[in-house]
Amino acid sequence: MFFTKKKSGIEPAAEKEAVDRSDRYIILAVLIQVGMSGLLFLKSREASLNYLILLIPILIVTAFLGTHTYNKDGDMKLFFAFAVLASIGAALQFLVDEIYHPPTVFSPVKYLISFGCSFLFILFYKLFRKMLNHSVTLYLAILMAAGIYALLYFKGVDPNGYGTKAWLTVGPVTFQLTDFTKITALIFYSTLFSSKSERSTWFILVISSFFFALNLAGSVLIHELGSFFILFFLHLSVLCIFMPHSMAKRIYLIAIFLFCVMVVGGSFVLYKILLPQAESGTMNRISTIIWPVVKKIYVRFSLTANLNSDPYGSGYQLLQGKKALWMSGLFGNTVNFSALPVPESDMAFIALASAFGLPLAFFTVLMFLRIFISGSEISRKISEYDPADSVLVYSVTVMLFLQAMIVILGSCNLIPFTGLPIPFLSRGGTYQAIVFSFAGLMISLSQNNGRKYKESEVDPDVTEQLEIPYPGQDQAQ
Amino acid sequence: MSQNSSKSHTRVRIRLSELAACIVCFLFIAFFSFKYLIRPAADSNSRALRNTIIYDAVKNYALEGDIVDRDGALIMGNAAEGIPAYAPAGKNRSYAYLLGYYTVSQNRENKYGLRGSLNEYLLFTLDKSNKGATVTLTTDNALQNYAFETILNGQEGSVIVLDNKTGDVLCFTSKSNIDYDVNDMESFIGSDVEGAQFRRGTFENDPPGSTFKIVTAAAAIEKDIDENLPDDFFAYTDTGEYYAPDSDFVITNYEHAVWGEVDLEKAMNNSVNCYFANLGVKIGAERMNKMAKNLMIGSDIKIPFLCTIHSRIDISNAEPVTIAQTAFGQGNTEITPFHLALIAQAMANDGKMMQPNIVKRIQSGNSLLYKSNPSVLKNCFRAKIAERLKPILHSTAVGYGIDEASCGMVYAKTGTAECANDRIHTYIIGFTENASFCISMNDSEHSSDLWPKAKQLVQFINGIYTRQ
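If you read the protein sequences in the order shown, they are chains A and B.
If you read the first sequence in my numbering, its first letter stands for residue 1, the second for the next number, and so on.
If you read the second sequence in my numbering, its first letter stands for residue 1001, the second for the next number, and so on.
Just so you know, not all the hints are guaranteed correct.
Unchecked claim - Sample of chain A residues facing chain B (criterion: CB under 7 angstroms; computed from the structure):
#	residue
1	F242
2	S246
3	M327
4	T334
5	N336
6	S338
7	L358
8	L360
9	I373
Worth flagging that the hints you see were computed from the coordinates, not collected in a lab.
Note that the Cβ used here is the ideal one computed from N, Cα and C, for glycine as well.
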């Protein structure tokens, strides 16, 4: 029965007595999802009709999943954020097709298939997570990442002309394989901090640096720095949060920071050195490999400092975004502005503001913040008994929130722009499947107040007495 | 470090990361709300920047919306691809100062008149065919053209006609010292004639001349009602000269006329300066000031989408000579012709001044974006005052040749103001049962020149209401 809470045997007595009104988040989510159809109707009848068709499965899924999450003591605010963002993203994509006519058309079928994939992922997660406690998984993740980059280097394609070889075509299907490097990163970091293996601080730093360098090299080879950007932040976040205090950790993090500064500074110097060679076509083999990366870094940082430095070239996309933001107002632009490049993906946030107004755009930012807070809280709770799951859920949270914020802030030219999809708002079958899987994973791990797997696998009485070793604990003492 | 301590540190770091995320998100929302929503609404420079950006983005495809009169007849519009909006012959001049223009050049916004303030609707609210919203004015095209061509007839000045019941501006035509054609912006911005670019009627703050005698008379009647004054309060023996107490400044009548025994009606009919100077001093500064303030003299009056009109009066602590001068329309008082039309309207409405509206409706496709509703701007005085003044103003109008037989019941008063640079500004304000008006000539000799013009205008106005 919808919204009827089943008795949960693990609730503390005090919680049992309190009336749980979190079911209202299901109703609120449904209201917003239906409300989006009204808002969409005001903008475009065609888009509204398309959305209404997709709204039926969205409402069914929201009702069933919401009830399930509610009954399982899941995080209803997190569920609300996911449900609302999913519907806003779908509404936006239908409207983008009507206004901007991008090269691809938003496919509700792909959207639902992505959703189905995430269901399968969650179903098999219980088996999958057992892998995280085996040391071999760590090396397997490194091999998988190396394999992905190698495959892309030799077989990768660039169907959209973005200058990266991040896609792989298998028969009629094209998917962005770099998205899977994020999954390998999840597996890697979760296994690294798994409670079943004792690892020294040095081991963690060395192996994670190797993994980090592998991703950097792979990204440079396939000219796909966007995904690496997220992996870079994931690397720093996980080490910063989950590694115990130690001098080695501090030195490492400071070194990474300085390294980044040097990379940016060095790119500017290299750009000036290599520019004459690039213009005259006399670059050697090494220069040919690093030139696109150096140029990309130089251009992105230069544009952030001065958007008008190349208004009709590399700055065009951001300049149009800036115009769209000025036009957005409270209810969206009223001048039929449709000169926004890549509104279906990189510039989805700007497209959202331009279509529905800044308040709705700000609301989505708050929903991403909700995801981060809920995800972090789940991670905190789980960290008490299972570091691997804790790292996993935190990594997923970081990847969703950081990717969203990096692209949003980048598209608003507050930080260097990175051409990545925004979770929930952008289209792209592979990425949508991954985002839904991450969302499902977070909801799943939030169940039973963050004790889903603890209750099912470990006797609570035994857990109380267990002294589970924490990775890096020996060095930190 | 114990395991529990390590876990505790992890939890603290997670909390800190939550705090950092909150700060980033709230800073982002606060900054962008301020930059893109709050500041453009509050600061004109930011709004101009926003409009410049939008204009540059849409100028190649946006078609300016139509502006039509109250009956839907075109005033300016018919924009099509490659063809800018234009005003048909006649309206291109009679509406020129009202419509104005909106352009952006060299990252600067250039705006004037209704097109300048309605750019949000005319250019920045586009329908599916990329055409701006349709703006319906309260004006009547025929009356506007008639007022411009026949009443102004090439002279510098303005004609304002207001509907008594609704406050709608039925006509507001202006002519400055240049020939402004709204279809040719260069005829306006290219002019270097001093003062040419100011809209006559709402810009020039000149003394009201004898039209202010209506205000003095209203104040006197109010005093009489309040204090039940003796019958001789309104009596005065005119010698052709008046000296205010403690002053050797002489006030004379027009052409040094001597009127002998005069009462309020005779004084109003003949515009006897000495009578009103004396009456003003007898009324006192406080009551004069109060009536002027009640009629919103000294207060700003906003005409939505067009402008705000200003006026000035200061007799609170004035010497009797200043009060005397103010009482017959000179002194420190400054007022616009539009405001004088509003004073006439307040008299017509038994003391109620209506909010003036010139934009009736704004519509984009099926969406109604704006609609004006009649509302009282101010209850200026009691109906009894209007009741006693109306017969006096009617006999004054009849004296101007605006007779009942050809024009119906008309109430009017002329005014001649001596302005700076030896310029004479003449007015005639008045009202009928349906409409109030003010004809103003900025550089003329005699207010009596306006009598036949007022008669023609009233007859035309009556024709409009008869057709309805």
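Cross-check of the supplied hints:
no. : hint : result
1   : F242 : 6 angstroms, holds
2   : S246 : 9 angstroms, violated
3   : M327 : 6 angstroms, holds
4   : T334 : 5 angstroms, holds
5   : N336 : 5 angstroms, holds
6   : S338 : 10 angstroms, violated
7   : L358 : 6 angstroms, holds
8   : L360 : 12 angstroms, violated
9   : I373 : 5 angstroms, holds
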